[in-house]
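Trainee: Sequence:
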Amino acid sequence: MHLLVRARSIDRAFDYLVPEALRDEVGPGSLVACPLGPRRVMGVVVGVGAPTHEGRLVALSGVVAIPPVRPELMRLAGWIARHDLAPLEACLRLVLPPGADGAIRKRGDGTWQMAALPGGERRQRMLRIGPTPEVATSRQRAIIQVLAEHGALPPARLRELAGTTAATLNRMVAAGALSLSEERVGVSIPVPAGMADEAPDLTVEQGAAVARIGEISAAGGGSVLLHGVTGSGKTEVYLRAITEARSQGRSAIMLVPEISLTPQTLARVGRRLGAGVEVWHSAMSPAERGAAYQRLRRGQSDVVIGARSAIFAPLADLGVVIVDEEHDGSYKQDASPRYDARQIAFLRARDAGAVAIFGSATPRPETWRALERITLTTRVDGSLPPRVQVVDMRTQGGGPISAPLARALRDAKDRGEKAVLLLNRRGFALMALCRECGWIATCPNCDTSLVHHLDPARLVCHHCGFEMPPPRVCQSCGAADLMRGGHGTEGLERALERVVPGMRRVRMDAGSAAGRGAVDRLLEEFAAPGAAVLLGTQMVAKGHDLPDVTVAAVLDADAGLRYPDFRAEERTFSLIVQATGRAGRRGEPATVVVQAFEPDARAVRLAADLAVEPFLDEELERRQAMGMPPFGALVRIVVEGGTREPIERAAEALAETIRQANPELRLLGPAPLHRLRGRHRRALLIRADRSSAAAAAAAHAIKHHRGTFDRVEARVTVDVDPQAT
Numbered sequence: 001m002h003l004l005v006r007a008r009s010i011d012r013a014f015d016y017l018v019p020e021a022l023r024d025e026v027g028p029g030s031l032v033a034c035p036l037g038p039r040r041v042m043g044v045v046v047g048v049g050a051p052t053h054e055g056r057l058v059a060l061s062g063v064v065a066i067p068p069v070r071p072e073l074m075r076l077a078g079w080i081a082r083h084d085l086a087p088l089e090a091c092l093r094l095v096l097p098p099g100a101d102g103a104i105r106k107r108g109d110g111t112w113q114m115a116a117l118p119g120g121e122r123r124q125r126m127l128r129i130g131p132t133p134e135v136a137t138s139r140q141r142a143i144i145q146v147l148a149e150h151g152a153l154p155p156a157r158l159r160e161l162a163g164t165t166a167a168t169l170n171r172m173v174a175a176g177a178l179s180l181s182e183e184r185v186g187v188s189i190p191v192p193a194g195m196a197d198e199a200p201d202l203t204v205e206q207g208a209a210v211a212r213i214g215e216i217s218a219a220g221g222g223s224v225l226l227h228g229v230t231g232s233g234k235t236e237v238y239l240r241a242i243t244e245a246r247s248q249g250r251s252a253i254m255l256v257p258e259i260s261l262t263p264q265t266l267a268r269v270g271r272r273l274g275a276g277v278e279v280w281h282s283a284m285s286p287a288e289r290g291a292a293y294q295r296l297r298r299g300q301s302d303v304v305i306g307a308r309s310a311i312f313a314p315l316a317d318l319g320v321v322i323v324d325e326e327h328d329g330s331y332k333q334d335a336s337p338r339y340d341a342r343q344i345a346f347l348r349a350r351d352a353g354a355v356a357i358f359g360s361a362t363p364r365p366e367t368w369r370a371l372e373r374i375t376l377t378t379r380v381d382g383s384l385p386p387r388v389q390v391v392d393m394r395t396q397g398g399g400p401i402s403a404p405l406a407r408a409l410r411d412a413k414d415r416g417e418k419a420v421l422l423l424n425r426r427g428f429a430l431m432a433l434c435r436e437c438g439w440i441a442t443c444p445n446c447d448t449s450l451v452h453h454l455d456p457a458r459l460v461c462h463h464c465g466f467e468m469p470p471p472r473v474c475q476s477c478g479a480a481d482l483m484r485g486g487h488g489t490e491g492l493e494r495a496l497e498r499v500v501p502g503m504r505r506v507r508m509d510a511g512s513a514a515g516r517g518a519v520d521r522l523l524e525e526f527a528a529p530g531a532a533v534l535l536g537t538q539m540v541a542k543g544h545d546l547p548d549v550t551v552a553a554v555l556d557a558d559a560g561l562r563y564p565d566f567r568a569e570e571r572t573f574s575l576i577v578q579a580t581g582r583a584g585r586r587g588e589p590a591t592v593v594v595q596a597f598e599p600d601a602r603a604v605r606l607a608a609d610l611a612v613e614p615f616l617d618e619e620l621e622r623r624q625a626m627g628m629p630p631f632g633a634l635v636r637i638v639v640e641g642g643t644r645e646p647i648e649r650a651a652e653a654l655a656e657t658i659r660q661a662n663p664e665l666r667l668l669g670p671a672p673l674h675r676l677r678g679r680h681r682r683a684l685l686i687r688a689d690r691s692s693a694a695a696a697a698a699a700h701a702i703k704h705h706r707g708t709f710d711r712v713e714a715r716v717t718v719d720v721d722p723q724a725t
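To convert, note that position 324 of the sequence shown is 324 in the working numbering; the numbers rise steadily by one, no gaps.
Check the hints yourself; a few may be wrong.
[To be verified] The calculated lysine to aspartate or glutamate pairs, modelled on EDC-like cross-linking and capped at a C-alpha distance of 20 Å, are:
{"no.": "1", "residue 1": "Lys703", "residue 2": "Asp617"}
{"no.": "2", "residue 1": "Lys332", "residue 2": "Asp721"}
{"no.": "3", "residue 1": "Lys703", "residue 2": "Glu713"}
{"no.": "4", "residue 1": "Lys703", "residue 2": "Glu656"}
{"no.": "5", "residue 1": "Lys332", "residue 2": "Glu215"}
{"no.": "6", "residue 1": "Lys703", "residue 2": "Glu652"}
{"no.": "7", "residue 1": "Lys332", "residue 2": "Asp381"}
{"no.": "8", "residue 1": "Lys106", "residue 2": "Glu25"}
{"no.": "9", "residue 1": "Lys332", "residue 2": "Asp565"}
[Unchecked claim] Label pairs and their calculated CB-CB ranges:
{"no.": "10", "residue 1": "Glu467", "residue 2": "Gly642", "range": "17 to 23 Å"}
{"no.": "11", "residue 1": "Ala693", "residue 2": "Gln624", "range": "28 to 34 Å"}
{"no.": "12", "residue 1": "Trp79", "residue 2": "Asp317", "range": "17 to 23 Å"}
{"no.": "13", "residue 1": "Thr137", "residue 2": "Asp317", "range": "45 to 51 Å"}
{"no.": "14", "residue 1": "Ser179", "residue 2": "Thr137", "range": "15 to 21 Å"}
{"no.": "15", "residue 1": "Arg271", "residue 2": "Met626", "range": "43 to 49 Å"}
Hint data in this document are derived by calculation from the structure and do not stem from the laboratory.
The C-beta atom is built at its ideal place from N, Cα and C for all residues, glycine as well.
Using the sequences provided together with the hints, build the complete structure.
Mentor: See below:
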């Protein structure tokens with residue numbers, strides 16, 4: 001039994017006695033009510049065996065009235081706990097019904113249930129056609145007709161649709177023409193449906209891709225990379241694979257980056273696939289998420305499209321698992337449990353004998369090396385990709401917009417067309433800097449500079465949220481000669497106002513796109529007729545199919561290369577190629593401008609040529625020489641706390657234990673990281689041939705020093721296969 005209690009001291013399995021009356025109801029995955037001192041808590045059964053010391057065991061109080069977790073999801077939770085060194089309790093929560101970590105209560109009949117029904121389900125009075133539906137009046141016949149179309153309705157909704165009164169409904173209930181009952185109902189956010197779209201004719205390459213996926217499915221499943229240039233029709237291949245799986249009575253999961261879960265995407269899926277499709281993303285309320293879970297668990301829906309956590313949907317008999325934009329870093333969870341949804345997709349498909357399709361125009365080197373490739377080399381409309389112009393910003397003025405980009409924007413405005421500009425930094429300026437002494441405004445809680453924002457004017461820390469008014473004088477020397485350094489998206493917006501006055505501007509970054517429906521609203525505003533420019537951070541390059549875009553640009557494209565991270569070139573290359581794919585998607589002539597201070601950098605040069613295969617082949621050679629993934633494994637450990645010296649000593653002791661116990665491993669650090677939210681941090685990086693060896697070394701050392709960490713109030717986090725080093 002594993003108790004759903006967030007406490008490290010009880011992060012282990014407990015033995016309970018299963019009463020004779022419950023033995024037919026209890027098995028792995030069952031949710032049960034467990035005595036824990038004076039209270040009852042919810043637990044998950046992880047195994048059932050013969051009692052060894054029955055007299056000393058406490059008996060379970062009962063079974064919670066929820067269907068058990070599917071066996072394959074229980075296995076996944078255990079795998080994540082072992083692989084990512086995460087508490088099993090936290091991993092089990094990934095696969096449980098939403099709300100299953102809440103309170104439980106005993107019902108009048110002695111059974112147990114969650115205090116809130118899972119999925120936001122509630123009791124509601126519903127009217128149906130009764131056992132004797134003979135009616136005398138035309139108004140009553142209209143009521144019966146409405147129910148014949150809808151099945152069951154709440155009284156208020158039936159009154160509205162049938163244009164009737166409560167008194168009429170009450171008389172029909174009394175006569176047996178209607179039946180009134182209290183039923184469980186859930187909250188639904190259906191995928192937009194509308195008129196069904198006909199499947200378009202496939203290109204030769206799409207047809208070959210669909211056929212090959214069918215062969216893999218017929219052979220018992222497997223994983224494949226669908227590598228297609230932007231606009232090559234990867235989504236159509238996905239939809240054909242889902243349709244084929246459903247025709248065989250099997251289910252499907254389609255993962256997309258959260259930012260791509262737009263009404264446009266959902267409408268296309270809904271029109272093609274029809275009923276039985278659920279949406280799953282972080283903006284859903286607990287009630288909405290829980291209702292979707294219940295429909296999937298009961299088999300009422302057989303397809304889920306969603307972000308990272310949708311990979312844990314309780315679908316039976318999976319036929320296909322799709323990971324669109326598989327290169328996207330958002331598939332890795334950044335908080336414990338730090339699972340990678342791409343790994344989980346592979347495991348779920350393997351376990352179910354399904355096909356896992358990983359799609360991207362710029363796949364990760366790991367995927368490129370590991371999987372069979374299906375390639376889509378041409379756009380569906382037959383158009384050629386736009387030519388890319390790289391601008392050396394060392395030859396331009398000090399503003400964020402180069403002369404070639406300014407010309408392209410003015411031409412687009414004159415033609416009533418649209419542009420997409422990517423600058424992967426938000427804010428107006430990146431720092432407030434004194435020209436006299438070099439002082440930079442920094443956060444008092446973090447060792448980072450404050451970013452200048454407008455509307456209202458303020459300096460903001462993007463890590464902890466600290467804010468302050470912009471100073472009028474230097475806080476070190478008192479000089480009034482302060483300057484703003486660097487450009488963010490707000491600064492770019494101001495520059496556009498000068499370069500193309502009157503051109504509609506839509507900014508999409510973490511500030512403007514916050515809140516439910518904000519991204520949808522911004523994209524609708526951009527899509528409205530007339531010239532417009534969409535500017536923002538990397539979210540503007542996330543697979544949106546935007547109309548009438550004839551100009552795309554990446555500003556400060558090589559900024560990511562300045563970070564000491566072995567994935568920096570991969571990210572830079574992918575960002576540029578993905579951004580260029582936003583232009584000319586309907587075959588119209590397009591201009592793409594890439595602005596860089598290092599225009600000859602390998603990632604920039606090859607991205608401008610859209611040379612995906614040469615880049616990935618070279619990147620794999622480079623990583624093999626360094627022993628980096630996929631030719632080695634990494635585990636990152638961060639030790640943090642409020643006082644610097646004890647944290648330094650604790651990190652050094654941890655490193656020494658790892659070195660002595662595992663001399664064959666390569667250990668880097670501990671290295672200082674910038675202070676964050678008032679906490680000092682030290683990082684260690686373990687390199688090994690296999691992630692299991694590195695993770696085992698980390699787990700042993702952390703357990704050995706647990707007392708020290710508790711004594712100095714240090715927090716230790718472990719990231720297996722980190723996305724950044």
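Trainee: All hints, please: hold or fail.
Mentor: Structure-based check of each hint:
Under the criterion of a C-alpha separation no larger than 20 Å, the hint pairing Lys703 with Asp617 is inconsistent with the structure, at around 40 Å. With a C-alpha separation of about 10 Å, the suggested pairing of Lys332 with Asp721 holds against the 20 Å cut-off. Simply put, Lys703 and Glu713 have alpha-carbon atoms about 15 Å apart, close enough for the 20 Å limit, and the pair holds. At most 20 Å may separate the alpha-carbon atoms for a hinted pair to count; Lys703 and Glu656 meet this at roughly 14 Å.
Under the criterion of a C-alpha separation no larger than 20 Å, the hint pairing Lys332 with Glu215 is inconsistent with the structure, at around 30 Å. For the proposed pair Lys703 and Glu652, the alpha carbon gap of about 15 Å is at most 20 Å, so the pair holds. Using a Cα cut-off of 20 Å, the hinted pair Lys332 and Asp381 is violated, with the two alpha carbons roughly 34 Å apart. Taking the CA atoms of Lys106 and Glu25, the gap is about 17 Å. The hint holds against a cut of 20 Å.
As the CA atoms of Lys332 and Asp565 are separated by approximately 17 Å, the hinted pair is consistent with the 20 Å bound. The hinted range of 17 to 23 Å is satisfied by Glu467 and Gly642, whose Cβ atoms lie roughly 22 Å apart. Take Ala693 and Gln624: their Cβ atoms lie about 19 Å apart, and the range 28 to 34 Å is violated. The given range of 17 to 23 Å is respected by Trp79 and Asp317, whose C-beta atoms sit roughly 20 Å from each other.
With their beta carbons about 49 Å apart, Thr137 and Asp317 fall inside the hinted range of 45 to 51 Å. The beta-carbon spacing between Ser179 and Thr137, approximately 19 Å, falls within the hinted interval of 15 to 21 Å. Roughly 47 Å separates the CB atoms of Arg271 and Met626, a value that falls within the hinted 43 to 49 Å.
Checked against the numbered hints above, the structure breaks hints 1, 5, 7 and 11 and satisfies the rest.
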